[in-house]
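Participant: The residues making up each chain are set out below.
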Amino acid sequence: MSRAVPPLLRLSGLSKSYPGVRANDDISFDIAPGEVHALLGENGAGKSTLVKMIYGLVAPDAGRMELSGAPFAPPEPRAARAAGVGMVFQHFSLFEALNVAENVALGMDDAPPMRQLARAIREVSETYGLPLDPNRTVGDLSAGERQRVEIIRCLLAGPRLLIMDEPTSVLTPQEVNILFKTLRQLSAEGTAILYISHKLEEIRSLCDTATILRGGKVVGTTDPRARTARELAEMMVGAELRSPARPATAPGPALLEARALSLAPGTAFGPALKGVGFTLHEGEVLGIGGVAGNGQEELLATLSGERPSGPGTLWLGGQDISGLGPNERRALGILGAPEERLGHAAAPDLSLTENALLTGTVRRPLVRRGFIDRRAARAFAEEVIRDFDVRTPGPEVAARALSGGNLQKFVIGREVLQAPRVLVVNQPTWGVDAAAAAAIRQALLDLTGQGAGVIVISQDLEELMEIADRFCALNDGRLSAPRPMAGLTLDEIGLMLGGAHGMHPPDAGPDTGRDTGPDAGPHGLGAASRGAR
Amino acid sequence: MTLGGIDLIALTATLMVSSTPVLLAALGELVVEKSGVLNLGVEGMMIMGAIGGFAAAVMTGSPAVGFAAGALAGMGMALLFGVITQILLANQVATGLALTLFGLGLSALFGKGFEGIRPPQTARIDFGGLADLPVLGPILFSHDWVVYFSLFAVGAVGLFLSRSRAGLILRAVGENHDAAHALGYRVVAVRLAALAFGGAMAGLGGAYLSLVRVPQWTEGMTAGAGWIALAIVVFAGWRAGGVLLGAYLFGGVTALQLRLQAAEYAIPVQLLSMAPYLITIIVLVAISALHARGRQAAPAALGRSFHASR
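Protein chains in written order, with my numbering: chain A, 10 to 542; chain B, 38 to 347.
Hints may be right or wrong, so weigh each one.
[Claimed, not checked] Which stretches of chain B does chain A cover? Using the computed rule of at least three CB atoms under 8 Å from a CB of chain A, they are:
#, region
1, 65–77
2, 201–207
[Claimed, not checked] Calculated from the model, a selection of chain B residues having no Cβ within reach of chain A, i.e. all distances over 12 Å:
#, residue
3, L40
4, L117
5, L295
6, A338
[Said to hold, decoys possible] Some chain A residues well away from chain B (every beta-carbon gap over 12 Å; in silico):
#, residue
7, K61
8, M117
9, G148
10, E240
11, L341
12, R395
13, A444
No wet-lab data here; the hints were simulated from the structure. Virtual Cβ for every residue (Gly too), placed ideally from N, Cα, C.
Sequences and hints are given; from them, build the entire structure.
Facilitator: Structure representation (structure tokens):
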């Protein structure tokens, strides 16, 4: 570090072991006041353990921390907060049934009376440009608004160091911009920020310094602005990174078609699907972007057959499949992998073998005369584990015991290896590290090379820009007309997400805009001119 | 003021007395469930309170000592449940059912020598001339301290849960124990405290049953009051005011059906006897169906075990 300022936080030789794992091994680095410091690393590199030690949730086995030159060893989060360390969690630690002010009060050690607190929340939210009503119930808020609750909770304590764990994974580009503005303002006021993210471009635009962890050790400290995202990723992985190679195939004939598909909301807060229409062609990736809670789960549920739609709304190669259930659709080759890994895509307490069997048995002979063929099921699970590099002691381990990224690889691999004709995935790389995400994306692209159609529903726009051939925005249950991904900018996509159905120029009717087919083309003039606005 | 041979003023006064045991137990369970614990052992805690309170009052001659002993007996049962479910992490439903069976059996054993005895009488509070007021006097100013305490407790529990910081922490623990833990709150300690309070309230309710309401000891005398208390908490949508309504409805129909029996109406006794349970449940279900449309009021972590490492 070339700065003359004494460090705000100095870590020296921090180590922490769990049974069988050395999570952190001799970690040392400094954070200066007002510095935005990125912490980079794959899943399991030890980032979470490290910040938990700084926040007082975990005690280090060895090593020491200094805050402004004084020894710092918080026995519990309360002590860390009192010393000026705030943390915004990756999985929001919020209480849905309570309102914003109550949630904020719970994160403070001496909360003022509610009315005073509500005023303080309004003031901070205006100062930092984070609009938030203190009286709203958190269960009704969007992901971005929920994150504001956490940030404001930290800011009210006047922190000197703010730890942010994967803060942008659920935000729209516009929300990310608001967040970054706030963070830069904080940094200018002297608050240091320790920023954990997988999104390397964000780190390059926001952070002053990056410390890279691999296998629990510091492998480098660098200025992220002086590096390319690719170099950073390779430092994380410790090997050369291959970007997904796209098989050179032209989109084939239409495969799956949705016609004016509507669906009532599944939950009290969920949106209804309203007249969704698209055509998926053989050999293409159709990317569907949108902010969480705009109908993604509903769309996956209705495509996979969990919640069948009205007759005549969903067609596979000329056959009306609207009324078929999930297993009948599986038999026809339509497979899906929902967003929630534990509890939806996989049964948490069942073993990987059993989880492989649950969806694999329709297309693979894993059951004989009503009895489970344990050997075949185990072989299938082992095949998924091997081909998708799932890090686990064996197929008899419960799904719950796998890390999020590893389970995601298993869930996607299980469907990919069943040779689908249509694969629908929701958030395929959520919380997955760069190398694993690249492997999953490559597997999806390889499927299209074999003539399958893939629908990727994702909130990660960089991911969609990387692998999708065409892009639609899902907004309040409505799907925009598909546009070719090539040539779309992040700003244009952001606008589509903000109000997809308002994007048509007045002269283009709703039908001409939708599904013009491969001949009028993803690259046809009609589609391109729609982007001119 | 009589209607069909039934004195409405006396009925209202009796209603308050007969509602008090269920009201106390339900308030305690409300706090327990708000902290995210489902204790199905209310019946067992009540009946232990009934025999504990009865025995202590008979032996010392003091109803006050009896009520204290009843509350302690209920609290002891609750803490037994707490150790098993919160520290040893046993299933809450199974443990709660076992607690009820255990309480019923143990109270029958302890109660063997106490059958057929009358307990010392619990004095009514003397409001002087107020008790002679027409209508209001007999209804509001003619009761013992436990009835007033139970009404005070409704307000106190309601304010505690909605307004106080401790109540906010308790609700937070019941809503999302992992988040509460991450913020540095001691989930198990909060739940044990809530359980102790719930047990004491159930025990007090049981003691009121054997010392005032009946007043004598008979085996199994709670007769499902603990289960009614549990049902009231659910259908009252986890609100203190709703609990008061449910308990008084149950007590009111109980008092009414006894009077109908005494007045020898041509209604089968079996129908009358089941009426309090049936009507309370039907009314509360109807209210909660109207009220909870689209918003489920149950604490999100209700009945789920908490372990810090998960």
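Participant: If a hint holds in the structure, say so; if it does not, say that too.
Facilitator: Going through the hints against the structure:
{"no.": "1", "hint": "65–77", "result": "violated (count 0)"}
{"no.": "2", "hint": "201–207", "result": "holds (count 3)"}
{"no.": "3", "hint": "L40", "result": "holds (43 Å)"}
{"no.": "4", "hint": "L117", "result": "holds (28 Å)"}
{"no.": "5", "hint": "L295", "result": "holds (40 Å)"}
{"no.": "6", "hint": "A338", "result": "violated (10 Å)"}
{"no.": "7", "hint": "K61", "result": "violated (10 Å)"}
{"no.": "8", "hint": "M117", "result": "violated (10 Å)"}
{"no.": "9", "hint": "G148", "result": "violated (9 Å)"}
{"no.": "10", "hint": "E240", "result": "holds (34 Å)"}
{"no.": "11", "hint": "L341", "result": "holds (36 Å)"}
{"no.": "12", "hint": "R395", "result": "holds (29 Å)"}
{"no.": "13", "hint": "A444", "result": "holds (27 Å)"}
Hint check: violations occur at hints 1, 6, 7, 8, 9; the rest are consistent with the structure.
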